[in-house]
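Engineer: For reference, the chains in residue letters:
There are 2 protein chains.
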Amino acid sequence: MNTNEMFSAVEIELKKQTARLDAPHTKSFYDMLTYHMGWTGAGAGSTATGKRVRPILVLLSASGCGADWRLALPAAAAVELVHNFSLAHDDIQDNSPKRRGRDAAWVKWGAPMAINVGDALFVLSNQAIMDLKKNFSAEVVVAAAEILHNTCLDLTRGQYLDMSYEGRSDLGVDDYWRMIGGKTSALIAACCHIGATLGDADEEKQQAYRSFGHYLGLAFQVQDDILGIWGDEKTTGKSAASDLIEKKNSLPVLIGLEKKGKFAKRWAQGAIAPDEIGEIARLLANEGGLLGAQDAAKQMTDLALSALRSANPQGEAGEMLLRLTKRLLGRQQ
Amino acid sequence: MNTNEMFSAVEIELKKQTARLDAPHTKSFYDMLTYHMGWTGAGAGSTATGKRVRPILVLLSASGCGADWRLALPAAAAVELVHNFSLAHDDIQDNSPKRRGRDAAWVKWGAPMAINVGDALFVLSNQAIMDLKKNFSAEVVVAAAEILHNTCLDLTRGQYLDMSYEGRSDLGVDDYWRMIGGKTSALIAACCHIGATLGDADEEKQQAYRSFGHYLGLAFQVQDDILGIWGDEKTTGKSAASDLIEKKNSLPVLIGLEKKGKFAKRWAQGAIAPDEIGEIARLLANEGGLLGAQDAAKQMTDLALSALRSANPQGEAGEMLLRLTKRLLGRQQ
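Chains as they are written, first to last, in the numbering used here: chain W, 1 to 333; chain Z, 1 to 333.
Some clues are possibly wrong.
Now the in silico label distances, taken between C-beta atoms and shown as ranges [unchecked claim]:
id, chain 1, residue 1, chain 2, residue 2, range
1, Z, Ala273, W, Lys27, 32 to 38 Å
2, Z, Ala19, W, Gln314, 36 to 42 Å
3, W, Lys27, Z, Lys108, 34 to 40 Å
Please keep in mind that the hints were generated in silico from the structure rather than gathered at the bench. These figures come from a predicted structure and were not determined experimentally. Positions of the beta carbon are idealized from the N, C-alpha and C atoms, including for glycine.
Given the sequences, and given the hints that come with them, work out the whole structure.
Structural biologist: Here you go:
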């Protein structure tokens with residue numbers, strides 16, 4: 001088992017699944033989709049495609065349960081298509097002009113077209129998961145599809161919470177966990193759960209894989225929040241502390257607000273200018289926002305590693321899952 | 001078998017399926033969805049819900065093939081949820097402020113929230129179709145889901161074409177059929193196809209049902225186009241000839257443009273004011289737009305009825321399908 005082989009198999013499967021949209025008379029529509037996937041247009045390439053962490057988690061989870069990872073490729077494509085669908089709509093909803101360093105699809109083709117690109121990606125994810133029928137019984141296909149669909153409902157709930165939090169000043173840490181539980185963690189949990197289902201794991205093992213993904217997703221998001229305020233601009237690739245300027249309800253901020261100290265007072269006063277960032281980030285760190293978030297990240301990481309031990313993935317996939325977890329959660333970017 | 005019983009069973013099933021979103025902390029999100037479905041908020045009721053033609057077609061097709069229509073209810077809900085998902089996004093994409101006489105969801109809650117409402121409806125449709133597993137084998141569930149997913153890809157293609165046609169003056173009748181084939185007809189074809197699949201019809205019969213739905217959808221859309229220009233405002237409920245003001249690429253217009261006569265000349269000159277409508281509608285009728293579209297509607301209706309004869313639905317469902325077809329295609333509104 002070789003990571004490069006897995007990555008290129010995922011890319012081939014994604015291209016196969018999305019080729020369903022490649023038809024006469026709708027070529028430009030297909031072009032929008034391949035641009036958003038990172039394959040075509042200015043800046044296409046590995047930075048534009050993203051890391052494809054989710055499909056790899058499906059494949060490693062299936063393999064860890066003893067299945068041939070190649071048989072799980074349609075499910076791997078499905079989760080990555082769901083992820084990309086959510087990004088396409090998210091960029092419109094957040095009015096974010098950039099995605100992975102390139103113009104977002106809505107900037108290039110307008111929101112109406114980009115909504116439709118997101119919708120098509122979502123449909124393609126449904127078609128991809130059904131393609132499992134080539135390798136698995138119809139019962140297993142239905143089980144995997146149900147995990148994916150339930151997860152997508154969680155995604156829409158997380159997205160709703162995220163949007164409804166905007167501009168609110170009464171949010172606490174509980175609200176945070178609820179929101180990222182849907183928005184970030186649900187799909188990562190589903191990747192591991194689907195992989196275990198395809199590996200014919202029993203219910204207990206499936207739940208251990210799911211739990212691993214759940215905490216991995218939470219830890220990952222918390223770390224992302226920390227980097228969004230105190231990360232090194234050069235390594236994160238995004239402007240340092242931009243999360244403060246955007247007044248994002250990240251975990252460090254919510255921990256800081258609960259202190260009701262100087263940070264909370266300044267936060268309530270409204271917009272933050274770029275030249276205030278350094279001072280406000282220091283204020284937040286002094287009032288426990290950094291340490292509190294680091295604690296939470298460590299706690300979630302420990303829970304993820306403990307769930308991974310319960311899942312007890314076999315063979316090379318087991319080592320690779322552990323390595324991937326450590327790399328994701330130890331990342332500087 | 002009683003139509004009222006069927007309609008109320010559809011409504012109950014739709015409420016059951018959408019109740020998945022009814023959870024603590026996301027109540028307002030659920031309220032947006034029930035508003036869009038026509039159940040809650042100002043103007044709620046049968047006008048706001050729409051006619052629920054699509055779910056009824058699923059049930060009658062299943063019943064016509066000898067199945068108990070009640071077993072097909074999850075699929076009936078699924079197609080109606082797909083329809084409502086597409087309307088939610090369509091209203092944003094078209095910038096249409098009204099839906100069935102009420103403010104569109106995006107007008108009430110903004111486009112970002114309304115995109116998410118559409119996404120949730122789409123997810124719920126996927127969950128609904130999987131619910132067939134309570135009544136059918138996993139193989140049948142997968143077959144029904146695949147028909148639905150393939151149809152949804154056609155919908156996004158039709159939507160793309162519709163948006164890409166905007167402002168173009170070089171379109172012909174072929175472009176029209178391609179667009180409404182995806183946008184209107186694909187889902188109606190899927191309703192009948194899924195119904196026949198649930199009724200365990202053989203491949204040939206499934207295709208006859210599908211073909212019936214396909215032509216029914218085309219005939220319905222052409223008739224809608226005719227009413228959108230020459231319909232009676234009092235009976236259609238929308239301002240007469242608003243399709244001309246919106247410069248919609250409807251079939252009568254495209255037939256008129258192909259004549260390259262006075263109508264085409266006026267159309268190319270740009271915006272149409274309300275006080276010009278009467279004259280331009282007359283011009284279009286004089287140059288064959290009305291007769292040509294009526295001919296097409298008649299042709300599609302004949303093809304639908306012929307396919308229905310081949311499908312040969314049994315019992316009361318057969319009579320009801322014929323009655324529904326005649327009512328839909330003979331409608332004045």
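Engineer: Indicate, hint by hint, whether the structure satisfies it.
Structural biologist: Against the structure, the hints:
Under the hint 32 to 38 Å, the C-beta atoms of Z:Ala273 and W:Lys27, about 37 Å apart, fit the expected range. The beta-carbon spacing between Z:Ala19 and W:Gln314, approximately 40 Å, falls within the hinted interval of 36 to 42 Å. Roughly 36 Å separates the CB atoms of W:Lys27 and Z:Lys108, a value that falls within the hinted 34 to 40 Å.
When held up to the earlier numbered hints, the structure conflicts with none and fits them all.
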